[in-house]
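Chains A and B, in that order, are what the protein sequence lines are. Counting with the working numbering, you get residues 15 to 497 for the letters of the first sequence. Counting with the working numbering, you get residues 588 to 1076 for the letters of the second sequence.
Hints were generated in silico from the structure; no laboratory data involved. Among these hints, one or two may not hold up.
Unchecked claim - Between beta-carbon pairs, the in silico distance windows are:
id, chain 1, residue 1, chain 2, residue 2, range
1, B, Gly858, A, Lys235, 52 to 62 Å
2, B, Arg966, A, Ser302, 21 to 31 Å
3, A, Thr69, B, His820, 37 to 47 Å
4, B, Arg643, A, Arg312, 53 to 63 Å
5, B, Ala969, A, Gln266, 31 to 41 Å
6, A, Glu274, B, Leu1005, 52 to 62 Å
7, B, Ser885, A, Glu227, 31 to 41 Å
8, A, Gly306, B, Pro939, 34 to 44 Å
9, B, Gly830, A, Arg312, 25 to 35 Å
10, A, Ala265, B, Gly726, 36 to 46 Å
11, A, Ala383, B, Arg635, 55 to 65 Å
12, B, Ser1006, A, Tyr119, 51 to 61 Å
13, B, Arg635, A, Met281, 49 to 59 Å
14, B, His820, A, Ala265, 25 to 35 Å
Claimed, not checked - Straight-line Cα separation of at most 20 Å, DMTMM-like style, residue types lysine to aspartate or glutamate; simulated pairs:
id, chain 1, residue 1, chain 2, residue 2
15, A, Lys94, B, Asp872
16, A, Lys464, A, Glu493
17, A, Lys94, B, Glu1033
Remember, it's a predicted structure, so these values are computed and weren't measured experimentally. The C-beta atom is built at its ideal place from N, Cα and C for all residues, glycine as well.
Residues per chain are reported as follows:
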Amino acid sequence: MTGWEPVIGIEVHVELATRSKMFCGCAVEFGAEPNTRVCPVCLGLPGALPVPNRTAIEWIMAIGLALNCAVSERSVFHRKNYFYADLPKNYQISQFDIPVCRDGYLDVSVDGETRRVGIERAHMEEDTGKSTHVGAGGRIHAASSTLLDFNRSGVPLVEIVSKPDIRSAAEARAYATQLRALVAELGVSDARLEEGSIRFDANVSVRPEGDGELGTKIEVKNMNSFRSLERAIAFEIRRQIEVLESNGGLAQETRHWDEEAEVTRPMRTKEGSSDYRYFTEPDLAPMSMDRGWVEQVRSMLPELPAARLARYRDAGLDEDLAGVLSDSPAPVRHVFEAALAAGAAPRPAANWLTGEVTGWLRRTDTDPATLPLSGDQLAELIAMVDDGTVSTSAAKEVLEGVLDGEGRPGEVADTRDLVQISDSSALEAAVDEALAANPEAVANFRAGEKKVVGFLVGQVMQATQGRADPKLVNRLLNEKLSS
Amino acid sequence: MSLHELTVVEAGAKLRSGEATAVDLLETVLERAHRTEAQLHAYLTLDREGALVAARTADADLGSGVDRGPLHGIPVALKDNMCTRGVETTAASQILAGYRPPYDATVVTRLRDGGAVIVGKTNLDEFAMGSSTENSAYGPSFNPWDISRVPGGSSGGSAAAVAAGSAFAALGSDTGGSIRQPASLSGIVGLKPTYGTVSRYGLIAFASSLDQIGPLTKSVTDAALTLEVIWGHDPLDATSYPGDYPDPSADLDAGVDGLRIGVVGELAGEGYEPAVEGAVSATIDALANAGAEVVEVSLPTVDIALSAYYLVAPAEASANLARFDGIRYGHRAPGSTTEELMARTRAEGFGPEVTRRILLGTYALSAGYYDAFYGQAQRVRAGLRDEFATAYQEVDVLVSPTSPTVAFRAGAKIDDPLSMYLTDICTNPLNLVGHPGISVPVGVDEQGLPIGFQVMAPALGERVMFRVAAEVERLAGFDARPQLEEVVA
């Protein structure tokens, strides 16, 4: 395995979650009854014409800007011609030589290091319909029939092509994961791998280390998770090296990742060469993305993960905590910002949110968007711990109460009787009772066994249902025992 | 004069004066169709029921004071490549036999909103590919002036119906001359408007960057009035012109005094019938006598326009016609695999001319040939646009014959595609540049066959184009009519 350098590029297809499709008014909706989100345009009926979706153009611009791409001032749609049953017009409206976005990069962190992966281009196209092969385990060549659903036909699709800058399967996975997070952050796609709203293909080749030439490129498809993307690439790298080391030759081809067997297999190639006969789409005028429009889109970009992470670190969070919080759902992060605005310190706020709050969301299976906690409430809770109003353990209970809708932290502490007893006169009775009830412990203490104080503190805590300030109890006990 | 010979304007006057109803007009054209269709085969589908409902509505509306404009109550025919909801629309192809669209083309909606009565769907060359209407999968149409001859094409059914009086007006589509040439060969007026001014939504595409819908009528005024009903910006067509539209009827009576008229030098000479050249130069002389300044203009690239056209149009067609695969609608041939089903459907469903153009276009777009063919054709197009722009700095309109010949005999060119293609030599440059052009009948040859005169204008120059066309119509005083009844008898 040594002596070889893998060279990997990733092609990503992102379905945009616009309200309507790319070239018609049909709804973009995953999981609807087949062929119910269709019209003459997305069914390719005779005479129907495409009209571009302005929001989709803005969203691909947003993706491009987030990937540090240049946005073309003028961009052109092309027809990509090929026959396939789920492609209604038998051409796909796509882009060829003038994509909307080009020449960008994404900084990817892998094992604590940052690697810059170049972005060749991001272009706009339309999705195809969906074929379901019936019979024979869903394999096309043995299927008895094929069902077609055109709900997906015409859904706006952005294809993001990386430069061949990736050097390992782990890097590829990191790139894919972080690109997905970025797209999700922009709010332009559901970006769900399992629903196919984001799809990854890999171009893999290997070359002798130090060689400037690129090896034979193999395209690998059908990876349905980040894990399978990583494993498929790792397998493909090993396979190519084995072939080359046994003096075999590699031919450019497309291979299919078999999830169960964990191998890539050659795909049956379409007959003939893939000459798509691209030409300018005559039904659509060239798009012009004037600078004012681009800047308007740029000004609407949300804070991107890299910038946010840096900001969290600057606020004093350590690397891990900053990372976990940055990856948290937006509503959780919004509570963080609001709590800081309400005066909370960053570290306890981040700890509460990434610990107890995230745990509660998971345990109760609650949609983060409905998180019933405000920044004010979190700040109040933290202040109560700081000033000793509640103990740290009681604070967890207070939080539960707040999340269960029982009121503000102060109210919950009151109604649940969780306020710490910090008044020595209020505690003296309980301390005296504990001493009276445990003469043996008292005797032992006086005999020099000082650690029985811990036992006595426990007794007082129990008697006060945990509300006593343990430090105060300790002091009172020591005073009384030593007197 | 019998009702069926009236123009749209004359028929409209009778409706409004109460001398005739929309139902009367409809019955007139249906009766006329009944007596001529066996000879002409202008129609593929007559929608008697739908038309009757529309005519009754038009009468009721007019009775209650609602007047929807110049086409209110007027029976109009549509070329069968425009989608009509629920009414069979075939583009004269076997591959769309029985196809009923679920929606109306924008022009159909505009006609209905304008109160027009849609009589039926007219014959055409399959997918509008041809110049004689002989390429129809459902049999050819014939010329009302001589039923041994073609009516021109591809909008030959629309031209024959209007010429014969089985429609008062018709819509056609013009990709390389398919409105103007059949209008010329059938002795009527045919207009190709500026590209982008009439919505293509619902027009079954042949070549998207060239296709344009327009009217075929008995008079220049009828053409202007029909244009006003059908044109305008359409948000469903991304190539639709969104700006201000000229008033095509504003200067119909203004004459040509003071206008500069350019005669295109390249559109004359070899291949042009003497009778055509004679009628055209007589018309030019008359325009000069009426006060126009006539100059000769040279557009050298016009000589290679036809070659460019026969790369651009088939290339776009090869993609536009890819959707006819037997999967979702239309004819389907059996096949044991999807590929076989598609291939057999297309082999069975398309006629020879359509197949020829798909192959030509596929080849022109192929890797390694793209630049030499399609790319070069687009450069010719740009050069042609420059030449026209230069010419229009000197002149207001350009003129030429519409067709080098009068109507030719059925079968004369059908086995010789190149000679058929040459019949569009005067018309297809305008499609390549997107400019408007109109054919006006100006005379007949020694056999009594009509001759058309083409007036061209820059993009959105419909106002001056119609001004000249109306004067041409007055000067020519063309009043010959096809003697079809005697042919029938």
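Which hints from the list above does the structure break, by number from lowest to highest? 3, 7, 8, 10, 14, 15, 17
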